[in-house]
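Participant: Given chain S, put chain R in place with the hints provided.
Number of protein chains: 2
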Amino acid sequence: MAVLTIEEARALVVRAFAVSYVSPENAVKVADALIAAQVDGQGGHGLSRVASYAAQAASGKVDGHAVPQISRPTPSLLHVDAQYGFAFPALSLLINELPEIARKDGIAAGYVYRSHHCGQLGAHVEKLATAGVVALMVANSPPAMAPWGGSTALFGTNPIAFAAPRADGPPLVIDLSLSRVARGKVMAAAKSGEKIPEGWALDADGQPTTNATDALKGTMLPMGDAKGAALALIVEILCATLTGANPSYQATSFFEAEGAPPGVGQTIIAFSPDAAAPGFSERLEGLLQTIMAQDGTRLPGVSRQQKRSAAVAHGIDLPDHLLAEINDIIESSNG
Amino acid sequence: MAVLTIEEARALVVRAFAVSYVSPENAVKVADALIAAQVDGQGGHGLSRVASYAAQAASGKVDGHAVPQISRPTPSLLHVDAQYGFAFPALSLLINELPEIARKDGIAAGYVYRSHHCGQLGAHVEKLATAGVVALMVANSPPAMAPWGGSTALFGTNPIAFAAPRADGPPLVIDLSLSRVARGKVMAAAKSGEKIPEGWALDADGQPTTNATDALKGTMLPMGDAKGAALALIVEILCATLTGANPSYQATSFFEAEGAPPGVGQTIIAFSPDAAAPGFSERLEGLLQTIMAQDGTRLPGVSRQQKRSAAVAHGIDLPDHLLAEINDIIESSNG
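Taken in order, these protein sequences are the chains called S and R. To convert, note that position 196 of the first sequence is 196 in my numbering; the numbers rise steadily by one, no gaps. To convert, note that position 181 of the second sequence is 181 in my numbering; the numbers rise steadily by one, no gaps.
Just chain S, with the same shape it has in the complex (with noise of 0.2 Å):
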């Protein structure tokens, strides 16, 4: 295990993706989101999608080199082509420019298409609540969950994020996927041989089963059943019917190098959290103290707060397969 300083770790990524046919100005923007990630524990999103990014970059399968096009069709709603490069610079323009209109206008919209990964949905809806809006934003994925009833894996995990600004203190931040359990718990088990709790899963021909690699080839099962599986299919519509994003089933792996690129999609809802109704922040405490008053609650997003807090101060843990999977892209760009 290696100890990186936050800044060691990012420009470590930065050059491991200026060295893989991404542009300079992304390479930062997405070294940027993954070390976000990584720094808040949610290694997932974080620097162990490094090779995979740079070798789907590599292949054209997203192009390193987009430069995303903001439009405005109409007075509240911006729409953003990603132009099949890398999400995270899209919803960077998105999100500079959604709060002053939300602020205007009360509310506003930013869909994002021809999209790719967007990593942990929590990160940016923070970043506008950090900006003075109060925002959900929902995205769709590679298909991982079959419509109620069914077998074949026609939803992502589609996961709704939540954030609101606080008057003391970091935003509130709420990140759920809408499987039972993130599909990256059943990807590690299976990569480590062990069995998955019955509920997760089921296998490809729609029957419950514990093993990862069985479960990797059925779907996942939706939170709350047949009612997950509903908000699942409300998240597409707004993300991808709406926005002109490929759906879910069309939607090729974020981790392969190979086919189409995923073409999915990202819509984020920006409020003014005052407009209606002066005091948004003594309500907004108000519930949370509510909350906070019973024993065993806990407020969402303060395990991450406490993880970023331990790797700014100490730094980022690193295993050392991951440094030397990122040092290779480097060294190989010399040969």
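Think of the hints as simulated: they come from the structure by calculation, not from any bench. Each hint should be verified, as a subset may be incorrect.
It does not matter which identical chain is used: a pair holds within one copy or between any two.
[What the hints assert, rightly or not] Here are the simulated lysine to any residue pairs, SDA-like style, with alpha carbons at most 25 Å apart:
(1) LYS104 / ARG72
(2) LYS104 / ILE70
(3) LYS191 / GLY41
(4) LYS104 / PRO73
(5) LYS104 / VAL3
(6) LYS217 / ALA313
(7) LYS191 / LEU322
(8) LYS104 / ASP274
(9) LYS217 / GLN289
No experiment lies behind these values; they were computed from the predicted model shown.
Facilitator: The following block gives chain R in isolation, referenced to the frame of chain S:
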């Protein structure tokens, strides 16, 4: 069991409200909503509510003569003060004005506060979809679910509904509460003395229970456990913290005639389907057909449509005790 035509039932309910401290305009709007729920097979939001609504109007807990006030604080946002009256007249105002703003601005939101029980959310978003826009709605309600890890009810069952227009036929309508099962099912079991399955609810000490009466004193479990509780928090912020409505934990019962008004909130977001990417209808049909192509699946809302068709054809089946309850309201006002 009595069978009434929809028109007979509507006339009866309008008359019951008209003699119950409810203005003629409000009597029609409230009756229409309750009849529509009954027709859709949603009896818990239907005519079973007439007596308790009338009693609340008589006690002044709901202001039957309230005239909701609509304002537009920012270009894309409508804010409706329900004036502690029934929810339906307030929502009706909002639903009339929201589509035009959504079409012009791309997205628009409407917030209702100082409101009351809004019945089946699906009916409201369905009207918006019939008017050509995609709609997402959330509402809060009297305390029913604890924050995750806690044991005291703090969130309502905080439903979410969604509707999208379809090229041919009625809109797609999704309507779900965030409790694992509707609280009405526990209330019905308590009334009939039946046990409830484990996993539906906790008792007042936060322990699992199969006793429906104990469950009503305790809390409903959220769908999807911690994730469902997090969604309930999102709903709470969207329809109370943003709107100025009471949070669920300050909302009084929708059933009992005593106490302060519940003062809850409802939030609707309307999206112009084609504002960003023309071809919404074709993409939606592609998605829905892909779902339907799998054995064992069905689209949300289909069973409700079937019940509606049956009621239109054959009338409304009304239990004798319910018909007597409504007739009593009318007769006692003549006494």
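Participant: Next step is simple, just say for each hint if it's right about the structure.
Facilitator: Here is what the structure says about each hint:
For a Cα distance limit of 25 Å, the shortest separation of LYS104 from ARG72 qualifies both inside one copy, at 14 Å, and across copies, at 12 Å. For the homomeric pair LYS104 and ILE70, the shortest alpha-carbon distances inside one copy (19 Å) and between copies (19 Å) are both at most 25 Å. Proximity of LYS191 to GLY41 under the C-alpha cut-off of 25 Å is restricted to the intra-copy arrangement: shortest distance 20 Å within a copy versus 49 Å between copies. Taking the shortest alpha-carbon separations for LYS104 and PRO73, both the intra-copy value of 16 Å and the inter-copy value of 10 Å come in at or below 25 Å.
Proximity of LYS104 to VAL3 under the C-alpha cut-off of 25 Å is found in neither arrangement, the shortest distances being 45 Å within a copy and 53 Å between copies. For the identical chains of this complex, LYS217 and ALA313 are neighbours neither inside a copy (41 Å) nor across copies (46 Å), given an alpha-carbon limit of 25 Å. When the C-alpha separation of LYS191 and LEU322 is checked against a cutoff of 25 Å, the pair qualifies only within one copy, where the shortest distance is 15 Å, while the shortest distance between copies is 60 Å. Proximity of LYS104 to ASP274 under the C-alpha cut-off of 25 Å is found in both arrangements, the shortest distances being 11 Å within a copy and 23 Å between copies.
Taking the closest pair of Cα atoms, LYS217 and GLN289 come within 25 Å of each other only across two copies (23 Å); inside a single copy the shortest separation is 44 Å, beyond that limit.
Checked against the numbered hints above, the structure breaks hints 5, 6 and satisfies the rest.
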